[in-house]
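Enquirer: Each protein sequence line maps, in turn, to chains A and B. Position in the first sequence counted from 1, then plus 898, gives you our numbering. Position in the second sequence counted from 1, then plus 898, gives you our numbering.
Read the hints as simulated data drawn from the structure, not as lab findings. Warning: the hint list may mix true and false statements.
Copies of the same chain look alike in the list, so a pair counts if it fits in one copy or across any two.
[Claimed, not checked] Derived pair list, reagent style DSBU-like, types lysine-lysine, alpha-carbon separation capped at 30 Å:
1. Lys1246 to Lys1265
2. Lys1256 to Lys1246
3. Lys1349 to Lys1246
4. Lys1246 to Lys1261
5. Lys1096 to Lys1134
6. Lys1349 to Lys1265
7. Lys1265 to Lys1452
Note that the structure is a prediction, hence the values are computed from the model and not measured.
Number of protein chains: 2
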Amino acid sequence: MAEDRFAIGIDFGTESGRVVVFRLRGGELCGTAIVEYPDGVIVQKLPGGPELGPDWALQNPRDYLLVLEKGVPRALKAAGVKAKEIVSIGTDFTSSTILSTKRDGTPLCLLPAYRKTPHAWAILWKHHAAQPEADRINQIGRERNEDFIHIYGGKYSAEWFFSKVLQVLNEAPEIYENADRFLEGADWIVWQLTGEEKRNTCTAGYKAMWVKGLGFPSREFFRAVHPRFENVIEEKVGTTFYPLGTRAGGLLARWAQKTGLREGTPVSVGVADGHAAIPATTVTRPGSLAMVMGTSLVQMLLGTRRQSVEGICGVVEDGIVPGFWGYEAGQYAGGDIFAWFFEHGIPKSIHQQAHKLKVPLTKLLTKRAARLRPGESGLLALDWWNGNRSILVDADLTGMLLGLTLATRVEEIYRALMEATAFGTRVILEAFERAGFPIRDIVACGGLPEKSPLLMQIFADVTGREIKVARQPQLCSALGAAMHGTVAAGRAAGGYDTIFEAADNMAGIQASCYRPRREHHEIYDRIFAEYRILHDYFGRGSNDVMKRLKSLRKELTKESILCKD
Amino acid sequence: MAEDRFAIGIDFGTESGRVVVFRLRGGELCGTAIVEYPDGVIVQKLPGGPELGPDWALQNPRDYLLVLEKGVPRALKAAGVKAKEIVSIGTDFTSSTILSTKRDGTPLCLLPAYRKTPHAWAILWKHHAAQPEADRINQIGRERNEDFIHIYGGKYSAEWFFSKVLQVLNEAPEIYENADRFLEGADWIVWQLTGEEKRNTCTAGYKAMWVKGLGFPSREFFRAVHPRFENVIEEKVGTTFYPLGTRAGGLLARWAQKTGLREGTPVSVGVADGHAAIPATTVTRPGSLAMVMGTSLVQMLLGTRRQSVEGICGVVEDGIVPGFWGYEAGQYAGGDIFAWFFEHGIPKSIHQQAHKLKVPLTKLLTKRAARLRPGESGLLALDWWNGNRSILVDADLTGMLLGLTLATRVEEIYRALMEATAFGTRVILEAFERAGFPIRDIVACGGLPEKSPLLMQIFADVTGREIKVARQPQLCSALGAAMHGTVAAGRAAGGYDTIFEAADNMAGIQASCYRPRREHHEIYDRIFAEYRILHDYFGRGSNDVMKRLKSLRKELTKESILCKD
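Construct all of the structure, not just a fragment, from the sequences and the given hints.
Expert: Below you can see the structure in the form of C-alpha cells.
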C-alpha cells in the first residue's frame, strides 16, 4: 500500500519551472517535467513594449501557469502514476519575485491597460533597479532603529519585497494605486491553484520584514518612507501568514481538469525555493550548513536562538524548519558567473581544441583548470558580478579580476572565478563562526554540485571543510516543496505529520563527499587573506569606486534613453 | 642628382627586423623588407634546451644577422635602388636587449659549451626575471644616494642593462666569467656590420647609468652591489660612448658581399628603437610629446635642463636630439594587451558574427566599442598586464579589471583596456606637467595609430590634447635610424650635417589629427580620478596584493619545477 503513495513538488525557478513526482517512501524520483518560460528573464525590452533600464529583470506570470498546465500532466505520465495516488502538491518559488494583482489575483500586466508598463509585470528576484528604494528603507529603518535592520544583518536588500513595491510606487504610481494586492510569486501560484490567498511565513519573514508574534513594522515607519506607503500592509499586503506545511486548500476543479490531478488534492502554502531545499538536504537540526548552489548561492543554518550575525540576510523563527531559527546568507551570483564566462570569455581556439579532441568545452576547460595549483595563476577575483548579498548586502558592488598578465590563460581565469565564489562563501562561514555557530560540515544541493566536481573540491579546499552532496542535488527544492506538501496532507490523508518525519523518509545524501586537502587549504589561507583585504577595501567604504562607476553608468544611460526618444 | 640619394634604416624589433630604403629628399619610403626572427621571443623553452622560468624572454642573435642577410637585398630590390645610391646605413634596436660575447663579438650562446645555458642568450628587453637584481641595485643606489636613482625617476628597472648582467652573475657565474663583453644589441649589430665596437650614448644613458661628462657610478657602488661586480665597467663594458649620428665605421667587406651594399658605406652608431623614432615624428624641440605606440608605449619629451620628474625612466643629455635633455617615460604594455585580449578574450560568437557579416573581427569589435560612450560600461582597468614602467617603475604590478557584471560584453572590456592605456599615459603627462614641462600636443608613431583610430580618439579624449600622427607612423624608428645614418655620412658624403637638417628634409606628420571632444573629456576626467585612486592604492604600497600574488606564484612555480625533476 505505502509504495503507491506519491507527492508532487513544483519548483518555479529563474528560467523554467520543474514538476517532479516523488515516492513518499524513500523520496525516490519517479517522474519529472521541465517547462521553459517562453518569455524567460526579461532584461532588455518588454515583449511588444518599451526598453527597460539597466538592472531590470521581469517575468511574465502566464509562464508560471504554463508550468502547471504542461508540466504536471507530463510528469504524471513520466512517472506512470495515477491521480488518485498523488497525496499532495507542494510548490516553491524564486523570491522575492513580486506580483501586483487585482482583488481576484489577476496580475496587472495581463490587463491591456498596463501591458506596456514594466512595473506591472512580475518583478524577478534578480531585478536590481530598486537600490534607491532599498537605500531609503535602510535610512529610515536605521534612523528609527527598526527591528528588521537587525534581523537582516544591517541592511534590507534591493532584491526584496518592499524595495520593489516602493519602486513601483515611486516610478509608476498608477500601478501602485490600481494594484489591490502585492504578493510573492510563491503565494500567488498557491492562490491560483487553490483559490485561497494564504501567504506563507517563509517569504514574509525573509523578504518582507514580518516577524512571528510581532507582525510588520509600524504604520509610522512606512509613512516615514513615503507618505502614500503608510497603509501598504492593510491595503495591499495583509497580516495573516501561515507556517510551512500548512494546507492552503484543495486543488480547484479547473486546475484539476487542466492538470489531470484530482480536485481537492491538498496544496501546501508556498515557500521560497532555497528554503524549501534545506530539509531535503537532510539539514533539519543545527550544526550543518546547507548550501544551495545554482545561478546564485544560498547558505542556510538552523539555530536555537535569535542572534546577530554580520551581513546575514535573514533570521526567521520557523522560517525553514519549525522549532528553529532559520539563518539565511547568500551570494548573488554563483553559476551565473560561470555561465557569463562561458558565453563571453572563451576564445575560439579553445572551442576548436575541444572540437578536435572531441570533448565538451566545459570538460576541456575544467580539466585544464583542475591541473592548476592554488596560487599558480597569480589571479584573484571578487565574485560580485551580480553585487554582494552576504555579508555586505550591496547590489551595487561589481566584479573584479586582478593579477592579469600577458601570460594569463583562459583556464586560469575560470579557476579564479571558481575560487572567488568559494572565498565569498568562506567570508559567510566565518561570519557565522564569529557569532558562535559551530559548523561541522556543509551539505550542498542545487545544479552546481553535479555540474562541477572541481568547484566542489575547491570549496572544500578553500573552506577547509568536508562537503557532502544531497542525494538529488538538483531536485532538493522540488523535493522539499513536495515534503511540505505531504505535511499539509498529514498522516491521516496518506502524508506525514511533521517535516522531520518527511525528511527521515524522503531526504538523503550521497555516499561520497569532498574532503579538504591540507596543502591546498594552506595556500588558500594565504590567498583568502588577500581576498579579505580587497573585500573590505571595495566593500566597506574605503573606496566606493564600484558604486560610483555604476552610478555614472546609470546617469549616462538615462541621458541616452532621453536622447533616443 | 639629389633625387638619387637614399639611406637605409634597419629597425630590430621584438618579433622581426625591418629594412627600409628612404629617399633623402622628402623621406619617402622606397622599399622595405621584413624578416621574422625564426626563434621569435623565447619564453618557455630554449630551442633544444631547458625550460625557462616565469618572466623570462630571450632571443637568438643569429636571427638579427638573418635580418641583414635576407632583408637588405630584398629592400634594395623592392626600392629599385643601386648600392652606389645608398649614402648610409643606420640601425635601431630594442633596448635593453643585452648580449654576452667573447672578445671578437661572438655571442656566448653560439658557442657549443653555453648553448644550453639560458643566461648566455640575448636577454630581451621584456625579460622580467631580474627583479631581485633590480631591487638590490636600487637598495644600494638609494643607500649611497647615487645619481642614477634621480636620473631614472627613483628606480632602476628590472628591464635594464645592469639588472640583467647582475642576474647572469648571480645565477650563471660561469657565463659572467667567460663573457669578455656585455653590451646592448644596438651596439652589437653595429660591431657586426663595421668591425668596430663603438657604443652609443643613448642606450648607455637610458639603460646603463652612464652620464655625459661623469661616466658610470663608482667601483665602490658596483662592489657594494656584488663583490665580483666591482670591475664590471673596466672588464666587460668600457667607458667610451659615441653620440647619435656618429660614424661607427664603414660596412665590412663580408657584409657588403652578403647584403649587396658597397664596402665602406657609412654606418652610424646604434640607437634604441623608441629614441630613434622621435626626430622622425618631427619632434626635435621642447613643447611636443612624442609617443611611440607599439607592443609597449613610450613617451618622450625634450627639455633644456635636467630636472626631477616622478617615475620618468630616464633623463639623458643628448640622448635623443643633440643639445637637449631627452626625457623618457613608458608603459610596459600597449598593443600587447590588445593582442592578448584578441587571443584569449574573444568568444566564438563574435568570430561567428564577424564571419557572417564578412568583416574582420577587429573591425566588428572596434565598431561596437566605438558606439559606447565613456563610462557606459561601468568598467575600469589598470593597464599593468606587463607591469608598470612610468611612473611607478615596478615590473611586479599586474593588470586589473573592475566593474564586471553579468551584463558585461566583450566590446566593453575591449574599450576599457583601450581607456586604461590612455589613463596610464595621462598619469605620465601629468607627472611632466607637475615638473613644469608644458605639453602643447602629442605626436604619435608606431603600429597602433594606423591600426586603431578609435584608440587614438580615446587618447585625445582622455588626455584632452590634440594628437597628431607621424607621416609613416610604423616606420619612424627605421626612418630615425636612417636619419642618424645620413648624419654619420655628413653632407660631404651626400648626407646631412645635423639631425635637424635631416628632420627638416625627411620627417613629417599627417594632415589630419585627433581632437579631444569636450563632453567625452569631461566624463573621462571623472573616470580618470577613479583610475588615479586605484593606481595609487595598488601601486604605491597601500596594498601590495599584486606583488604578493606574484611572489606566491613564483614560489609555487619553483616548487613545481623541482617536483618535475
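Enquirer: If a hint holds in the structure, say so; if it does not, say that too.
Expert: Each hint tested on the structure:
no.: 1; hint: Lys1246 to Lys1265; verdict: both (18 Å within a copy, 20 Å between copies)
no.: 2; hint: Lys1256 to Lys1246; verdict: both (15 Å within a copy, 17 Å between copies)
no.: 3; hint: Lys1349 to Lys1246; verdict: both (23 Å within a copy, 22 Å between copies)
no.: 4; hint: Lys1246 to Lys1261; verdict: both (16 Å within a copy, 17 Å between copies)
no.: 5; hint: Lys1096 to Lys1134; verdict: within (14 Å within a copy, 89 Å between copies)
no.: 6; hint: Lys1349 to Lys1265; verdict: within (13 Å within a copy, 37 Å between copies)
no.: 7; hint: Lys1265 to Lys1452; verdict: between (40 Å within a copy, 23 Å between copies)
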